[in-house]
Amino acid sequence: MASIFQDTLQVRTSGRGFLEISEPAQHFVAGTPAQTGVLTVFIHHTSASLIICENADPQVLSDLEEWMQRAIPDGDPMFGHTAEGPDDMPAHIRSVLTATSLSLPVTHGRISAGTWQGLYLYEHRAAPHTRHVSLTLVGE
Amino acid sequence: MASIFQDTLQVRTSGRGFLEISEPAQHFVAGTPAQTGVLTVFIHHTSASLIICENADPQVLSDLEEWMQRAIPDGDPMFGHTAEGPDDMPAHIRSVLTATSLSLPVTHGRISAGTWQGLYLYEHRAAPHTRHVSLTLVGE
Amino acid sequence: MASIFQDTLQVRTSGRGFLEISEPAQHFVAGTPAQTGVLTVFIHHTSASLIICENADPQVLSDLEEWMQRAIPDGDPMFGHTAEGPDDMPAHIRSVLTATSLSLPVTHGRISAGTWQGLYLYEHRAAPHTRHVSLTLVGE
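Residue numbers (our numbering), protein chains in the order written: chain A, 12 to 151; chain B, 12 to 151; chain C, 12 to 151.
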């Protein structure tokens, strides 16, 4: 019979870029008695988001970031929401296009992701921020 | 021990744009005995979708809509699927790029989203539609 | 009281394109005693992803693919991650923009999706691959 386990991660970013959170998420799951289930990861912000991406070659993440900058240019004259800086409206659009919630399978007491799948917090603002991510495991 | 609670929202849109559904989702959760869990929101359509976005400055949503129109132009001659109108194929692509399902943490009997996180139904068709959204809470 | 049911699909793709997996997912759900719940579908890769899209007119999928090729061109000189071929970095970006996990409601013992909602594995690499998709049902 399934039970719920919940915790929150506090993550300090150093401005725009990626922070892998696979390890703290795995650690949370290992600290519960659940062997099988689903871990839901949720970020409590609209200018930072979650992605699952290749974690072997760091160039993949920088290419992704470069593509984002081209597709959603900072300071685009089209944007009317500019009070919080030229990177703020792009941050909201990037968040909508990536993920605010992700759900990962748990098998044999561990997150069962692919070998090269890293779970990342993707900070979209230029300045460092403290971000909150909640982890909810439904498992048995 | 976790139980399942399920309901459906029927939402009437007034054409392309955003409808915040945070309040009815919160109301559904409050009507169950669950204190902790995960709420999965699912939209039963392929030309309307779900997003979580800043709900403080309405300009954020109109900038997002403008970006979408530029990235996926209505009536783009590239599209072959045109029988349902120039806004239909863009609606399908917008849906794929945003979310059909979102999962939100429930803590202390409430959806635990960030202060500025609004849950929106994003209607992508020009004409008004009746949309169905289902809410499933796994909680205890 | 909710229980967890879990299985894995192995899918052989024939290169870039779409494979509908609604049927095997529905079959998995029907094989459990659960009547109500949430099915989480997760793809264990970063160069193939999941989408829910219209399954009536196949032109919708080919228009989507064409849009992707224009938005994220294969072999774009911007990309530094090129060792695995001109289609690899675009595959990672496409995966980030679409879904690695999707959660669908289960009602009356069946996945309760809209009439025209097909669940697809979206292969982004040019070459055929064997892909793993896990299905986790939290249901009662």
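Note that these hints are calculated values from the structure, not bench results.
It cannot be assumed that every hint is accurate.
[Unchecked claim] Pulled a few chain C residues facing chain B out of the computed Cβ check, cut under 8 Å: (1) Q17; (2) Q21; (3) L30; (4) T47; (5) C64; (6) V71; (7) D74; (8) G86; (9) M89; (10) G120; (11) I122; (12) G125; (13) W127; (14) V149; (15) G150; (16) E151.
[As the list claims (entries may be wrong)] Computed beta-carbon distance windows for the label pairs: (17) B/G91 to A/Q46: 36 to 42 Å; (18) C/P88 to B/Q80: 25 to 31 Å; (19) C/A67 to B/H119: 22 to 28 Å; (20) C/P88 to A/P69: 35 to 41 Å.
[Said to hold, decoys possible] Examples of chain B residues toward chain A, derived with CB under 7 Å: (21) F29; (22) C64; (23) A67; (24) D68; (25) P69; (26) V71; (27) D74; (28) L108; (29) T109; (30) W127.
C-beta atoms are modelled at their ideal positions from N, C-alpha and C, and glycine is treated no differently.
Consistency of the hints with the structure:
1. Q17: violated, 15 Å
2. Q21: violated, 23 Å
3. L30: violated, 15 Å
4. T47: At 5 Å from the nearest chain B Cβ, C/T47 passes the 8 Å test, so the hint holds.
5. C64: holds, 6 Å
6. V71: This interface hint holds because 5 Å falls under the 8 Å limit.
7. D74: Since the shortest Cβ distance to chain B is 5 Å, the answer is holds.
8. G86: This interface hint is violated because 19 Å lies over the 8 Å limit.
9. M89: Since chain B brings no Cβ nearer than about 17 Å to C/M89, farther than 8 Å, the hint is violated.
10. G120: violated, 13 Å
11. I122: violated, 10 Å
12. G125: With Cβ-Cβ at 4 Å, under 8 Å, it holds.
13. W127: holds, 6 Å
14. V149: holds, 5 Å
15. G150: Holds, about 7 Å.
16. E151: Holds. Min distance 5 Å.
17. B/G91 to A/Q46: 36 to 42 Å: Cβ of B/G91 to Cβ of A/Q46: about 48 Å, so the range 36 to 42 Å is violated.
18. C/P88 to B/Q80: 25 to 31 Å: Given range 25 to 31 Å: holds, Cβ gap about 28 Å.
19. C/A67 to B/H119: 22 to 28 Å: violated, 43 Å
20. C/P88 to A/P69: 35 to 41 Å: violated, 19 Å
21. F29: violated, 11 Å
22. C64: With a closest approach of 6 Å, the B/C64 hint holds.
23. A67: violated, 9 Å
24. D68: holds, 6 Å
25. P69: violated, 9 Å
26. V71: holds, 5 Å
27. D74: Hint holds; B/D74 Cβ to chain A Cβ min 5 Å, cut 7 Å.
28. L108: holds, 6 Å
29. T109: Constraint on B/T109 satisfied, holds at 6 Å.
30. W127: This interface hint holds because 6 Å falls under the 7 Å limit.
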